Amino acid sequence: MEYSLVLKVKSIIQDKRKLFYLFSIITLAVPIIIPVFFDPYWIKLYSEILIWSLLAASVNILFGYLGLLSFGQALFFGFGMYGVAIAITKFGFGLWGSFAFGIFASTLMALISGSLAVRLTWHYFAIITVVFSLIFYFVALTWKPITGGDDGLPFSPPNILDLGNFKISLTNSTHQYYFIIFFVLLCYYFILKLLESPLGKAFIAVKENNLKSELIGLDTYKIKLLGFVFAGLIAGVSGCLFAFYGRYASASYMFYHVSGEAVVWTIIGGVGSFLGPIFGTGLLIVLREELSHIWDHYLLIVGTLVILIVIFFPNGISGLLKKMLKN
Amino acid sequence: METFVLLALNGLIWGLIIALIALGLSIIFGLLDVINLAHGDFFMVGSVLAWFVLQTTGNFWIALLIVPLIGFVMGSICEYLVIRPIKNAAALTIVATFGLSLFLQEGVRATFGASPKRLVVPVDQTFSLLGIEYEVYRLLAALFAILIISGFFIFLHKTKIGIWMRAVRFNPEIATAMGIPTKKIYLFTFAIGFAMAAQGGVVAAPITTVDFQSGVDILPFCFMAVIIGGLGNLEGTVAAAIILSVFEGMVTSFADPTLARISSLSLMCIILILKPHGIFSGAKS
Amino acid sequence: MSEILKITNLSKNFGGMKALDNVNVNFKKNTLSAIIGPNGAGKTTLFNVICGSLKSNTGQILFNDTNITNLPTHKISRLGLGRTLQVKSIFNNLSVRENLYIALQSSRGVFRLSNSLSCKKEINDELLQISDLFNLKDKLDADAGSLSHGDISIIEMAIALCLKPNFLLLDEPICGMGPSETEQTIKIIKKLSKTTDILIIEHDMEAVFSLAEDIVVMSQGSIIAHGTPEQISKDEKVINTYLGEEEEI
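Each protein sequence line maps, in turn, to chains A, B and C.
Take any residue in the first sequence, note its place counting from 1, add 5, and you have its number in the working numbering.
Take any residue in the second sequence, note its place counting from 1, add 2, and you have its number in the working numbering.
Take any residue in the third sequence, note its place counting from 1, add 58, and you have its number in the working numbering.
Just so you know, the hints here were simulated from the structure itself, not pulled from any lab data.
The structure displayed is predicted, hence computed values, not measured ones.
Cross-link-like lysine to any residue pairs, in silico, SDA-like; alpha carbons within 20 Å at most:
#1 LYS64(C) / GLU271(C)
#2 LYS277(B) / PHE72(C)
#3 LYS178(C) / GLY205(A)
#4 LYS113(C) / LEU216(A)
#5 LYS206(A) / SER172(C)
#6 LYS206(A) / GLU180(C)
#7 LYS227(A) / SER165(C)
#8 LYS277(B) / LEU121(A)
#9 LYS277(B) / LEU112(C)
#10 LYS227(A) / ILE275(B)
#11 LYS206(A) / ALA200(C)
#12 LYS277(B) / GLY73(C)
#13 LYS178(C) / GLU201(A)
#14 LYS206(A) / ARG155(C)
Looking at chain A on its own, in the form it has when it is part of the complex:
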């Protein structure tokens, strides 16, 4: 009885598609289940975790599947975030218009910077992603009239749907949750499709052996660029959703530290695993939240825990789960 349950769980874990459906069902049910056992504040936290997990997912696509370590995904996050905020405050766009604008801006930026960056390998690639993201961080910081600098650019969110008497709005917390969840799940669905596609297999080949990939006719530059643009798009969506969630944009979210955190979340979740980014992001955000209530100097604990996690669980949370299922 116990054994067959383990087998069932195993079959789900090993099939990304089944895993995705399970995850979607759980996520859709959260606003119904959580209030029964916990404070509803956890619903909000869960949606925040999912938004940030997309940023980690964008790191994961590049690092786990293409072997490219990007320390600058916050750049595209920032373009998404500012795209939404500026479109609403300066151009008067509605919700959908600003969303599209944010995605467009971040994807375009990924195309431009990627076309230069993916020519470089390993450490040089990593450092140029940092350089690019820092340049725009400083631009955002100083261009106060447009971006509000460090103080940020707050706005009131436009309605999702306005039919006169019937409104779907972000100000309603249930509407907001399902709005965010819909797009998060949509992104993970696209990631899943990509990973299972021929292009996704090509990513792995390029990561494994760049030279051999070229010899079998794969245009590694184009493949890496496509991956980079896709990752930038995902990071951009993350930034847009963050803007809608927090109702503001701030240059501080474009700092390299944010990119670095996303890398840490990815590695702790398990590099190259499909839902690893969610685990890693979730664990660290929850840790911070809970510990910050207990002790003012909680970061000492977080720092120590991070070190211990990586010493004892080098394959991340998903690696640990896989190992547990093997036994």
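For this one, chain A is given, so just place chains B and C on it according to the hints.
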């Protein structure tokens, strides 16, 4: 014109200090394959330690001598507890040093406090340079940096441990086979890296603020110097640090500091795109 | 044209060293050719330049009358020029099946979200065909990197064949194989040569003389002889070049 030269000079001096710190990062990176996200915080700890020593002894020169030694010890502890247990995977070192960075920053915030403090300049004379009263200490700082950097290169090429370090860097398996205590060299290297960054912190403390977050700005600059100078190329690291810093200084003479920072970053972009393997050829691929 | 590969005035310098010194050679169609020569003669460098891994300093390479000089590697591969490497290298962390699959997929294009059912069937059929030809059927699910050196060499050839090359460059395919594996591999190469033109770099003289119809001899970046196996075995220059080397008979 005068401001241009003076700001370029400031850039040169700052570049020498960065070179000192970045060299520490370069050996940690080159020898241990560790992507040390805490390196900026090693610098910060050095400046904070300098402040504490100054508070207790009132003597800056003692700080200059003691802080690197403390840094060496701290570096050894960090290597033993944080780095050694990780099976040498570069990705894992990112997370571990990230955790270390959080720990160090919060540790300093808890003990030193969150507000930035200024260190009293040990030598407060100025002299007339191009019509401006220029701080003598700045020149001394440059001198210190040059002395320590030169001392480091001499150490690396003329002493037994230095030669061992270079052997391990070149090929750890052969070095171990030759009887070199590789594990101890790893410990030593990390400790020296910490010490050099901390020393940079002491030297820089009188000309910048002592602040628990001061490592955050320094870190990317150090990585850029290491990588743009050519991976594994120590002389390249020094040159890149100086060139980039002087350039930034020059731009500050006619633009605000943030714009100067943006332009030096853009220069780095251009270098990386034109010379994808760093300005000078790296010894490590 | 009856030439599959025409190389004119090809030179490649590394610093001051002339790895390829004004090489002029043509390879005929429907022929199994070989390049031999002492270590450092420039044989692998020649392959590298032909396939685009290295840029030439001067000269021109025509493949089936198409100018492929300094084209990117993946384009050359898609034009029908396949290659195996001297230092055997495949996708280590993938299974043998996955190694072949990605090569077959590549030949049909990767910029798509899925394959049609008929395409999937085609790929699987070809995969079985090729693994049959190279006796890999029972190794398909093994981790490619865990197999023996000789097996990896065979997998390399199988991968190259997935792209349906017109001209296959094999760089020391027999290197590191035992006698029975060598025999098998020579059989496979002979069979392949009936449908694909092959150019092989080898040190094993017995293999070369039993396989090749046309032999090119290189030394120090130049071609010192080019002819039938009979002519080569009698050529004085060739014999002199090899006097310093251990000859494997």
